[in-house]
Amino acid sequence: MAKIIGETILQVENLQTELHTNIGVQRPVDGVSLSLRQGETLGIVGESGCGKSMTALSILGVVPKPAAQVVGGRVMFNGQDLRTFSEQQMRRIRGGSISMVLQDPQTSLNPVYTIGGQVTEAIALHRDVPRRSLMSHAIDALRQVRVAAPEQRVKDYPHQMSGGMKQRVSGAIAISCDPHVLIADEPTTALDVTIQSQYLRLLREIQEKTGLSIIFITHDFGIIANMCDTVAVMYAGRVVESGPVRAIFDEPRHPYTRALLNSVPTMDRHVKRLYSIPGQPPALWDRPAGCWYRNRCPFAEPRCETQYPPAIAAKNTAGSNHVANCWKLEDSTWITPKS
Amino acid sequence: MQRYLVYRVVQSLVTLLAISVIIFGLSRLSGNPVDALLPDNATPQEAAVVMHEWGLDRPLHVQYLAFIRNALRGNLGDSLKWPGETALGMVWQRLPATLQLGGFAIIISTLIAIPIGVLAAVNKGRLFDSFGKMVALLGQAVPPFWLGIVLIWTFSVHWNVFPTSGRGGFEHMVLPAIAMGWYQVAALMRLTRSSTLEVLDNEYIKLARLKGVPEWRVIWVHALRNAAIAPLTYFGVIIGYIFTGSVVIETVFAWPGTGLLAIEAIRARDYPVVQAVVLTFAVVFIIANLIVDILYAFVDPRIRYNDNEQSTP
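If you read the sequences in order, they're chains A and B. If you want this note's numbering, it's the position in the first sequence, counting the first as 1, plus 2. If you want this note's numbering, it's the position in the second sequence, counting the first as 1, plus 211.
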């Protein structure tokens, strides 16, 4: 499959989001940096609660207010920092230049409005299209995501569709305004496996046709392997390792990445008991000094207890841009061993 | 949709039938009307003659069928207190006044309660929310008859801005409508607030924001129509409250409606009129609930299509 990957289109630098709760101020996103090039698919992977979705919402400035607030960092999109944009300017970005598909298709469409109404709403907001041709544009968008008989389907309500169909409608809304970036937040988690692979194939086809960049949030390494060019592994609100997908799979440098990969059941390895990482991620309000993973890490050293490791480049065969936040990388030949 | 409508209409008719049984039964339970009509020294023979003449010696089901037959022809008997008037005629004379006041109270309460409820939800935990809570607390804690008297004393007697009582122009409706509607504002507002809060938590609200929909549209278009379903259902109950409440409020404000008529008829033991009032209230209540259910289906497509209609045309 020929994919053309172009210039960097979205660069997230040190993004921080605070959440004000009863037990104090927490940071579900605590200094996340990501980079996405045109036509590229970036996978964000990590346990639930590690801040993947919150990162996506922070990029678009749609964090649950007033409890949450983006407090620091830059979101460079096409050379402009989205964090300096006014609410009105951001509305033009949302759904226009950067759109998003959410996890649960059963609840992400408004039950009291028709499919057509919900697709045309996005088009009317972002594209300069005369009113009377809105519906035909919506039908086109639905056809693009392979909704059968879109002319009839636009009159339907969400409850009249299957989960897979609804997720396609969400996809249609997301691509209807020709975005540059699509953020897909676990779009297939709620779908069954056959529907899931159809949906992923569809996303790839749309990407090839339009040169769309995709941020794919998931906890499924199978999907990462299938879909992504680069991967960022998140842990407790930070990216702990990132790099080209092959490098992450073949030569993971961060012990957490290795542990995640070990937790994936495979067909070729016979195991009695599926591996699971001992312990729990640190609570948002109770992060240890030093490396946040050290309590669960079999390779922890004394210095891990005092200093959070910086991003250290991994010198490896698979290419550049592979970095991990682990002291072990100071030894340039270090590859986390399989346990 | 047609199925749903037919089903609801049939259901309403069954309810009406049940109510007619209750009204008929209750009036029989209140004692033999002949005892009230005849003088104390009437002989049992004389009573038997009157009972035969009025058909009261026939079996109950025959009497009931006669009652229904007459009721269907619009004949609910003659008033005992107002000679020359039929019971139903009395009610019809007074009904417009009650509908006017009740309708005004409902419209005003809705126009006040829904926006306050939505804004309280949007500003949860802030000053506006506390203000809304106070309005609701007062409305639910203050009894309407007391509120009515206090309103008359303050605005009519003390400041002389509104008339004390009677039916007239707009200014006559203000005080009774407030007395009648405040409780409804409170209930409706709290209901709207809680259902809006629930709706705002939904993924489709998040998606609307992610689509770039302006915040006012997210709230008043995407959220409100979903949040309106619970308060709308409550409307049926409100209409019931307004009518039963009219008995109290119309008495306090001497508003010449069916509520006042009911009190006058009860005082005079004018059973046919009391029956006619109760039956009319029941019919209005049933019709109101039917309309609410139709609106309900209009707002929520999941109800509209819930029967065997095909989801794909």
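Be aware that a few hints might be false.
Cross-link-like lysine to any residue pairs, in silico, SDA-like; alpha carbons within 20 Å at most [unchecked claim]: (1) A/Lys5 with A/Ala261; (2) B/Lys417 with A/Arg203; (3) B/Lys417 with A/Leu21; (4) B/Lys417 with A/Gly26; (5) A/Lys157 with B/Leu338; (6) A/Lys67 with B/Leu435; (7) B/Lys335 with A/Gly26; (8) B/Lys292 with B/Trp265; (9) B/Lys417 with A/Gly63; (10) A/Lys67 with B/Lys292; (11) B/Lys417 with A/Met92; (12) B/Lys417 with A/Arg206; (13) A/Lys5 with A/Ser322; (14) B/Lys417 with A/Ser322; (15) A/Lys67 with B/Trp265; (16) A/Lys67 with B/Leu338.
Calculated from the structure, these hints are not laboratory results.
To see whether the hints hold, each was checked on the structure:
This hinted pair does not check out: lysine 5 of chain A and alanine 261 of chain A have alpha carbons roughly 31 Å apart, beyond 20 Å. For the hint linking lysine 417 of chain B to arginine 203 of chain A, the alpha-carbon distance of about 26 Å lies beyond 20 Å, and the restraint is violated. Between the alpha carbons of lysine 417 of chain B and leucine 21 of chain A the distance comes to roughly 17 Å, so the proposed pair stays at or under 20 Å and holds. For the hint linking lysine 417 of chain B to glycine 26 of chain A, the alpha-carbon distance of about 25 Å lies beyond 20 Å, and the restraint is violated.
Under the criterion of a C-alpha separation no larger than 20 Å, the hint pairing lysine 157 of chain A with leucine 338 of chain B is inconsistent with the structure, at around 42 Å. Distance check on the hinted pair: lysine 67 of chain A and leucine 435 of chain B sit about 19 Å apart at the alpha-carbon level, within 20 Å; holds. Of the supplied pair hints, the one linking lysine 335 of chain B and glycine 26 of chain A holds, its CA atoms being roughly 19 Å apart against a limit of 20 Å. For the given pair, lysine 292 of chain B sits about 18 Å from tryptophan 265 of chain B by alpha-carbon distance, which is consistent with the 20 Å threshold.
With a C-alpha separation of about 11 Å, the suggested pairing of lysine 417 of chain B with glycine 63 of chain A holds against the 20 Å cut-off. For the hint linking lysine 67 of chain A to lysine 292 of chain B, the alpha-carbon distance of about 65 Å lies beyond 20 Å, and the restraint is violated. Proposed proximity of lysine 417 of chain B and methionine 92 of chain A is supported: the alpha carbons are some 15 Å apart, at most 20 Å. Note on lysine 417 of chain B and arginine 206 of chain A: the hinted pairing is violated, with a Cα-Cα distance of about 25 Å set against a maximum of 20 Å.
With a C-alpha separation of about 19 Å, the suggested pair lysine 5 of chain A and serine 322 of chain A falls inside the 20 Å cut-off, and the hint holds. For the proposed pair lysine 417 of chain B and serine 322 of chain A, the alpha carbon gap of about 37 Å is over 20 Å, so the pair is violated. Between lysine 67 of chain A and tryptophan 265 of chain B the CA atoms are separated by roughly 73 Å; this puts the pair beyond 20 Å, and the hint is violated. Distance restraint check for lysine 67 of chain A and leucine 338 of chain B: the Cα-Cα separation of roughly 16 Å lies within the 20 Å cut-off, and the hinted pair is therefore satisfied.
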